[in-house]
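> Each chain is listed here by its residues.
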Amino acid sequence: KAGVTQTPRYLIKTRGQQVTLSCSPISGHRSVSWYQQTPGQGLQFLFEYFSETQRNKGNFPGRFSGRQFSNSRSEMNVSTLELGDSALYLCASSLGIQGAYEQYFGPGTRLTVT
Amino acid sequence: KNQVEQSPQSLIILEGKNCTLQCNYTVSPFSNLRWYKQDTGRGPVSLTIMTFSENTKSNGRYTATLDADTKQSSLHITASQLSDSASYICVVSPGGKDNAGNMLTFGGGTRLMVNP
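Those protein sequence lines, which keep their order, are chains A and B. Start counting the first sequence at 4; every next residue gets the next number (my numbering). Start counting the second sequence at 16; every next residue gets the next number (my numbering).
Result set (DSSO-like, lysine-lysine): computed pairs, CA atoms no more than 30 Å apart in a straight line:
(1) B:K72 to B:K86
(2) B:K52 to B:K16
(3) A:K16 to A:K60
(4) A:K60 to B:K52
(5) B:K52 to B:K32
(6) B:K86 to A:K60
(7) B:K16 to A:K60
(8) B:K52 to B:K86
(9) B:K52 to B:K72
These are calculated hints, taken from the structure and not from any lab test.
Whenever a hint applies, use it, and build me the whole structure from the sequences.
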């Protein structure tokens with residue numbers, strides 16, 4: 004069974020631009036969660052989608068948004084990029100809601116904002 | 016506020032030695048506690064998941080213990096190898112009728128370096 008895939012793996016953007024990251028969960032998994040990881044802050048929860056609905060949202064500004072499609076694939080978008088948005092963005096999929104089921108993480112997308 | 020604290024922040028040991036990483040949490044009630052291993056630049060990989068009723072769980076050279084009364088967990092690594100060099104992250108999932116399905120709480124991680 005294929006694991007969680009994320010595209011692109013690396014991305015360089017300029018301040019003020021917007022970016023869209025993609026996540027394909029493990030086949031059959033209905034929940035996708037997104038995380039931001041920086042050296043100083045560790046793993047920070049962004050949001051979780053389950054059956055195309057956002058279930059939970061972390062403490063991030065509205066510039067961060069996401070969506071999930073009917074095939075469970077998910078995208079997250081960051082608008083008006085800031086230098087502080089440079090981070091490793093991870094998505095994780097699980098059979099059901101994140102609290103009750105084991106999460107499987109993708110390799111991440113490394114975003115650098117210059 | 017739900018919190019997960021890990022110690023030490025970093026640790027250096029020699030190959031072949033054992034080590035123990037600590038995790039203290041305030042999440043209550045809780046549903047399960049997870050330990051992840053994360054190699055640099057990669058996504059975390061699950062090592063163990065324990066429910067509140069489990070005291071210990073092993074995965075090869077990794078053994079996790081849980082004391083739900085004191086809200087403490089530890090991850091013991093036996094006969095360390097160079098490939099164990101990574102960050103180890105403790106994650107707690109809240110439980111209970113009003114908390115089930117809520118967000119996971121992540122610890123800051125312990126960075127382990129195994130030297131030859």
